[in-house]
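Student: What follows is each chain in one-letter form.
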Amino acid sequence: MAQMNMLQAINQALSSEMEADKKMMVFGEDVGHFGGVFRATSGLQEKFGRERCFNTPLTEQGIAGFANGLASNGMTAVAEIQFADYIFPAIDQIVNESAKFRYRSGNEFNVGGLTFRTPYGGGIAGGHYHSQSPEAYFTQTPGLKVVVPRNPEQAKGLLIASIRDKNPVIFFEPKRLYRASVGEVPEGDHVIELGKAEVIKQGTDITLLGWGAQMEILENAAEMAAKKGISCEIIDLRTLSPWDVDTVAASVKKTGRLLINHEAPLTGGFAGEIAATIQEECFLYLESPIARVCGLDTPYPLIHEKEYMPDALKTFEAIKASVKF
Amino acid sequence: MSNATTNAETVHRVSFLDKDSLAIPILKILQADGTAYEEAVLPVIDEALAAKIHDTCVFTRVLDERMLGAQRQGRISFYMTCTGEEASIIGSTAALDDGDVILAQYREHAAIRYRGFTTEQFMNQMFSNEKDFGKGRQMPIHYGSEALNYQTISSPLATQIPQATGVAYSLKMQGKRNVAICYFGEGAASEGDFHAGLNMAAVLNSPVIFFCRNNGYAISTPTDEQFKGNGIASRGVGYGMHTIRVDGNDMLAVLAATQQARAYALDNNAPVLIEAMTYRLGAHSSSDDPSGYRSKDEEAKWQQHDPVKRFKLWMINKGWMNEQRDADLYVKYREEVLSELKVAEKIPTPHIDNIIEDVYDTPTPILKKQLADLKNHVKKYPESYPKSAGRV
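Chains G and R are the protein sequences, given in the same order.
Position 67 of the first sequence, counting from 1, maps to 67 under our numbering, and the rest follow consecutively.
Position 388 of the second sequence, counting from 1, maps to 388 under our numbering, and the rest follow consecutively.
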């Protein structure tokens, strides 16, 4: 085990996969010699050559279309979208093409070897064009997998699994954790199965569910609640599509309460989907309405970032309200 | 890094370029009477190749005529013809190797036919029966075949253009001596995908042939409302690409240009743009009526440039074809299409389990649950779901 930050973990995952899979290519804006704006691809071009790790022109639509073409012809494509905010020019290629390649062709062709990596989320004073969390748009699209890691160890294991998965995956990297989150990461092959949530803390009074950088917020809120005698169970969903209904439902049946936290705006957010399903699965076990602590229905603000955020204090308040309901 | 600007000469008076600065000529080899222009250099072609091209032309004409009729009778829901554009499509496909990957738009069924797609396979796709490679998930005419290196058609326009750049790059990286060819219309060249795809191909050194069928209309929109400048070819030059414009109704001109484009793309790991100037003689699709936006006189004028007839005359001049053999071929394909049509329309639709297959490599738990619920519902109300009820 080695101590590293999330960027180093991602870099190690990419490097070891490129080593093992000669058909794998990593590309995107500035990812070549420069190593990407966050340096996640540092050193890959030097190691694997300009034909396997390269800069593309500034066209997300082109990057996604090119990636579809590569993957449809048997290659492993790992494309970087520089910021998740800029994934929207590529949305037709991702939603209509990547997601439907296998289905629309009756499995004559597929783009299973395709992974989009993209930094998402706020907390870096990035304003609304460098802070968005667009995961819900993609969970509405059958054919895509949507994955979000919470720390360096998870980032390595989930990214390797995403690259090897036989389906197109969108891998959202919480950018405020890139350098802030440091931890032990297993050496060598480290794979975490997709589609499985992880119970990271056992508790009895309420289930707190989130993903990515919000896991830290939930842990902080749980500590505040513990001081008030409330025992929180904490689950990291990790894969949003397809999501692990069973693990969440089992936990809610035990605690009787559920709080979902995400950074994206409330309306149409993925918390709504989870709440509806868990209400169906656990109706007779619920002791209070399912709580959602989310971003506001505004664009991500620059100066009021702190107010906008579904932070630990807001979560703590919602925990208390749920338990006292 | 050097670029075009650093090599440019300097001037000291204001002088703009305009759309006529880049006048791109049209390659023509065959004349209307089926003889070649005196100074023309012919493509590589022998009798067997000519016969295969002609055979594909005749099949395509028959298929288009019969299936448009079948659509009018309500037997299939939708159809698109390539009438008038056969030389553009078949002339270019005939220049390729079978290992070259075709990414088509929707009007290039002649290309998959040339590769060996059988009449039965055409019918199975159009009738969405259980033998359809696409498993009945897309409208008629969305053909695809892995065995024939013909990627399945996708309805959204131009999405195949940057994909072709990626496919070509993969062929290069796999060390194959093959190219990708990407077909699209001049209307699709307005989409962002076109610009993204061409730019990336040029910059990333992808051996791809971009083949634009400039057929005069994008549904009802004529070219003068679609783009300005010197056609689509001038965009190729703008992206730093080897570019040629051909008479798209001239089988030999298209064949010659594509043969050389292919060789260039492979030798240089570089893209090529071909703009074929042609005319969509038929409607955009079976849902369209061109009489609302263009005159009969205009269509009649283009009938004079019939590419299939012109190539047949060339073959007759060469002694490789005669009118009787040509007529017999039409008869043969009319019978074949009709009899395969009758077989295909009686084949059952795909099983209901198919509805959750191929969304992912294996169905997710949520999908399995949804299928189980659906089947229970169909069992309860079988008369309302006649296509599936007998087989749940």
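Treat the hints as calculated values from the structure; they're not laboratory data.
Remember, predicted model here, so these are calculated numbers, not experimental data.
There's no promise every hint is true.
[Said to hold, decoys possible] Here are the computed lysine-lysine pairs in the BS3-like style, where the Cα-Cα straight-line distance is at most 30 Å: (1) K332(R) x K309(R); (2) K22(G) x K47(G); (3) K47(G) x K23(G); (4) K346(R) x K253(G); (5) K28(R) x K346(R); (6) K22(G) x K176(R); (7) K379(R) x K368(R); (8) K166(G) x K309(R); (9) K52(R) x K254(G); (10) K254(G) x K131(R); (11) K318(R) x K253(G); (12) K47(G) x K131(R); (13) K196(G) x K375(R); (14) K52(R) x K332(R); (15) K196(G) x K28(R); (16) K332(R) x K166(G); (17) K131(R) x K253(G); (18) K368(R) x K166(G); (19) K176(R) x K166(G); (20) K23(G) x K28(R); (21) K131(R) x K52(R); (22) K131(R) x K309(R); (23) K23(G) x K254(G); (24) K318(R) x K332(R); (25) K306(G) x K253(G); (26) K318(R) x K131(R); (27) K227(G) x K201(G); (28) K52(R) x K166(G); (29) K196(G) x K47(G); (30) K369(R) x K196(G).
[Stated by the list, open to error] Just so you have them, the derived chain G footprint on chain R, three or more residues with Cβ under 8 Å: (31) 124-134; (32) 158-167; (33) 271-280; (34) 352-366.
No residue lacks a Cβ here, since even glycine has one placed at the ideal position from N, Cα and C.
Student: Taking the hints in turn, state whether each one holds.
Tutor: Results for each hint:
1. K332(R) x K309(R): 18 Å, holds
2. K22(G) x K47(G): Roughly 12 Å separates the two Cα atoms, so the pair holds.
3. K47(G) x K23(G): 15 Å, holds
4. K346(R) x K253(G): Not satisfied, since the Cα-Cα distance of roughly 51 Å exceeds 30 Å.
5. K28(R) x K346(R): Measuring from Cα to Cα gives roughly 46 Å; hence the hint is violated.
6. K22(G) x K176(R): Cα-Cα ~15 Å, so holds.
7. K379(R) x K368(R): 17 Å, holds
8. K166(G) x K309(R): 48 Å, violated
9. K52(R) x K254(G): 71 Å, violated
10. K254(G) x K131(R): With a Cα-Cα distance of about 49 Å, the restraint between K254(G) and K131(R) is violated, given a limit of 30 Å.
11. K318(R) x K253(G): 83 Å, violated
12. K47(G) x K131(R): Given pair K47(G), K131(R) is violated - Cα atoms ~47 Å apart, limit 30 Å.
13. K196(G) x K375(R): 27 Å, holds
14. K52(R) x K332(R): Measuring from Cα to Cα gives roughly 15 Å; hence the hint holds.
15. K196(G) x K28(R): Not OK: K196(G) and K28(R) at ~62 Å, beyond 30 Å, violated.
16. K332(R) x K166(G): Given pair K332(R), K166(G) is violated - Cα atoms ~45 Å apart, limit 30 Å.
17. K131(R) x K253(G): Violated, because 46 Å separates the two Cα atoms, which is more than 30 Å.
18. K368(R) x K166(G): Status holds; Cα separation ~18 Å.
19. K176(R) x K166(G): Holds, at roughly 24 Å.
20. K23(G) x K28(R): 42 Å, violated
21. K131(R) x K52(R): 27 Å, holds
22. K131(R) x K309(R): Violated, at roughly 35 Å.
23. K23(G) x K254(G): 46 Å, violated
24. K318(R) x K332(R): 23 Å, holds
25. K306(G) x K253(G): 33 Å, violated
26. K318(R) x K131(R): Since the Cα atoms of K318(R) and K131(R) sit roughly 41 Å apart, the hinted pair is violated (cutoff 30 Å).
27. K227(G) x K201(G): With Cα atoms ~16 Å apart, K227(G) and K201(G) stay inside 30 Å; holds.
28. K52(R) x K166(G): 39 Å, violated
29. K196(G) x K47(G): 33 Å, violated
30. K369(R) x K196(G): With Cα atoms ~17 Å apart, K369(R) and K196(G) stay inside 30 Å; holds.
31. 124-134: The restraint on the segment 124-134 of chain R holds, since 3 of its residues have a Cβ under 8 Å from chain G and three suffice.
32. 158-167: holds (count 8)
33. 271-280: The restraint on the segment 271-280 of chain R is violated, since only 0 of its residues have a Cβ under 8 Å from chain G and three are required.
34. 352-366: holds (count 8)
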